[in-house]
Amino acid sequence: MEKGIWGFTILIVCSLASRTEGLGMDQNRQILGFRGNAGDALDDDPVGRLKVFVYELPSKYNVDLVKRDPRCLTHMFAAEIFMHRFLLSSPVRTLDSEEADWFYVPVYPTCDLTKDGLPLPFRSPRMMRSAIQLIASEWPHWNKTEGADHFFVVPHDFGACFHYQEETAVERGILPLLRRATLVQTFGQKNHVCLKEGSIVIPPYASPQRMHAHLLPPDIPRSIFIYFRGLLHDGMNDPEGCYYARGARASLWLNFKNNPIFDISTEHPSTYYEDMQRSIFCLCPLGWAPWSPRLVEAVVFGCIPVVIADDIVLPFADTIPWTDIAVFVAEKDIVRLDTILTSMPTEIILRKQRLLANPLIKLAVSFPQPSRPGDAFHQILNGLARKLPHGSSVYLQPGQKVLNWTAGSVEDTYPWEK
Amino acid sequence: MKQSLHHQNQASRRAGGVSAAGEVALRSPSALFWIVLHAVCCLVSLALGFRFSRVVFFLFFSSSSTSLFTSAPLLHTVTTTTTTNITTTTTTTTTTTRTLAFSFPPPPLPPAAENRTRSRVVVGRQGIRIRPWPHPDPAETMRAHSIIERVQREQRLPYGAAKTPRPLIVVTPTYVRTFQALHLTGLIHSLLLVPYPLTWIVVEAAAPAAEPLSGETTALLARSGLRYLHIPFPEPMPDCWPDRRLTEARMRLRALRMIREKRMDGVVVFADDSNVHSTELFEEAQKVNWIGAVSVGILADTEQPSSPIKAEKTNSPVPTQGPACNSSGDFIGWRTFNSLTSPEQIEWAGFLLNSRLVWREAKGKPEWARDLDAASKEGDEMENPLALLKDTSPVEPLGNCGKKVLLWWLRAEAGTGSKFPPGWIIEPPRGARQDD
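Residue numbers (numbering that gives the first Met the number 0), protein chains in the order written: chain A, 0 to 417; chain B, 0 to 435.
Check each hint, because a few of them may be wrong.
Not everything, but these chain B residues come out facing chain A in the computed CB check (under 8 Å) [stated by the list, open to error]:
id: 1; residue: Ile129
id: 2; residue: Ile147
id: 3; residue: Tyr158
id: 4; residue: His188
id: 5; residue: Ser189
id: 6; residue: His229
id: 7; residue: Pro233
id: 8; residue: Met236
id: 9; residue: Met257
id: 10; residue: Lys261
FYI, nobody ran anything at the bench for these hints, they're computed from the structure. Glycine included, every Cβ here is placed at the ideal spot set by N, Cα and C.
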């Protein structure tokens, strides 16, 4: 009898001990799992939770643009193209538009490149308008909701504001025709015109093959403390230096160019990816827009991202626990960046590195081809699935019109030719 | 992300009309006036130490300037030239701002269009923040380096590096000869690379009494920078190989006795001075429980009659000696290139011992361990550390079960009559010409 009681208490103690997951248990493993909802949502499976209908648009809206300029497949805005390809062969796709929960409009508005490879957004609004006119006239689904159950991928600098300069983008606002649709975009900043309620913020595209080609074995010692490569002063567009990055990058350079623990410069070394794998902190300051592929590269290479962009909304913020992984520094605190980073307790730095080593997170910010469960494509679908079932405001009465088709600048209403 | 796109939009970005000031190109007297104004502004900037914008002057003469003053607080500098007399409703605060801490811009322009952004981030022109002393703080640099060291230590963890590294005891028999400096220099450099606490026991066989070169080893050891123990061994090192092998074994036994006397703790590595060791050997040494065996590459020309290692026609072309495992990773025997008659011929270099095996009493010493005195037959003979075991089953195969060769065994010596300058310092013979 007494033995029975002993056995019972031991059982209780053991079960309690095993439930307290923590660093102690994981000391032999270098990868830390997550507690709570964040980690679980990373490997949610969207298949079976939603159905997506992909409109068949004429190829001038998508495929022809890529054929004309294949650089669209490798630049940081390539997510729109790969999302289309993924959806075409995904199990969530349905060919029956009546049973679809979400409708995807495959246009590539960012595939209009200059000779230097930068996307021009001037005709994108017209392309969007033309595509929406087409689907509104040929299928009944747009008019039923005026686009509230449609989603678009707009990975450009300021999303659906379709401009690269922030002031102009803010002035234009989100394209009026897209005001009810769900926008899947890379730009995210709190209380900003170009991020509307219900948008899904995604990571910018960084080629997974290229990143994997430069992977080093994980026992290469990390010997660089703080690393940054990129433009610090945009002499061409902002010679005075007070506009680019809100002065943050210039401030970085002027304060820390002599500091030996900072390895920052504007060079383009061929060992950029290898250097990131040898660094402990990788700076991700804002540029003309707050987001950059640097964040994705830092996460994939295990370098702790130091995000310097006030009010930024990071990709998949509801599933990836960015505060546990990254370090956030306010722009006004840039002058004290060295103090902030060197006074971080070592245990916290090690913990962040252990969390970053989790392959689920690395997968969640990348766009591998072919797609794998848990990657960015699936996280987008998870985000869409979480918005289901559609609320009552989504569906309109027959004949009810909410969108103003004549709002916005006059140039946007001109017809779009390829 | 942004490159050579908008030269034409340059002016439009600075929407406050600052650039418009330059564009208002009135003809001659006004042009002259502007030039004079520009010069005055330059002089004022020189005096004040930051760029004094013409905005202030422009606003005096512009009637449409009210919109610019609505939102942000104004920061003016004290101007020595004019009394501010603006026909707007704002007050101008004449506070001097020293610009060491911040480089203040002219007033930040409000976001264009209706104030839809409730964000506290302001779009438009910003200042570049520079702190008063933008130089590194040495204390912070030291902290950064200690963080780097801690991170690197953590990185080594999955690769077998123990949390608390065990000290190593390296046993080396040596004697003074031409190649000693060559071999010991290489060994010293290898040991300097080992990231674990190390004690080096050097047993020196006495030189033949003829040449007084006894300081050689001492000088080499003193310059090494390692922690060492220099034990003299009275017998001289014989020239012919089989005897040399026995003498070396006796020297190592002497070192093991010293370890027993001093109760030194750690893993014993037998590093002969002419062998070449890989740093991974010392990493594997951390994994030793009681006695470990690693694969040794034997680099000896086995066909020569005077060769240290005898072999018949090679049945396997790979000149290694080491442990062999079965598929489940258990030690099953030795794998050598020459068919051995007994395991006693395995080289000492391939064994790694836990120093407690040679202690008189040690907690946890297993029962298959024989005492050092009992193992060395006739008081001073031990073929190899296997004599310390009653049977060979507890040998731990290391280095990926013996598949990885972690050190190379080599005996390369100069001819017996070879001489070398003392300390390897060349003194010109007396009477030699100086200008040679």
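Evaluation of the provided hints:
Given the 8 Å rule on beta carbons, the hint for isoleucine 129 of chain B holds: about 5 Å separates it from the nearest Cβ of chain A. The criterion of a C-beta within 8 Å of any C-beta in chain A is met by isoleucine 147 of chain B, whose closest approach is roughly 6 Å, and the hint holds. Given hint, tyrosine 158 of chain B at the interface with chain A, holds; its Cβ is 6 Å from that chain's nearest Cβ, closer than 8 Å. With a least beta-carbon distance of about 20 Å to chain A, the hint placing histidine 188 of chain B at the interface is violated under the 8 Å criterion.
Annotation: interface hint on serine 189 of chain B violated; nearest CB of chain A at approximately 19 Å, more than 8 Å. Because the smallest distance between the Cβ of histidine 229 of chain B and any Cβ of chain A comes to about 34 Å, over 8 Å, the interface hint for this residue is violated. At about 46 Å, the closest approach between the beta carbon of proline 233 of chain B and any beta carbon in chain A exceeds 8 Å, and the interface hint on this residue is violated. With its C-beta approaching chain A no nearer than about 41 Å, methionine 236 of chain B sits outside the 8 Å limit, and its interface hint is violated.
Interface hint at methionine 257 of chain B: violated, since its Cβ lies 36 Å from the closest Cβ of chain A, which is beyond the 8 Å cut-off. The interface hint given for lysine 261 of chain B is broken, as the beta carbon of that residue sits about 34 Å from the closest beta carbon of chain A, more than 8 Å.
Comparing the model with each numbered hint stated earlier shows that hints 4, 5, 6, 7, 8, 9, 10 do not hold.
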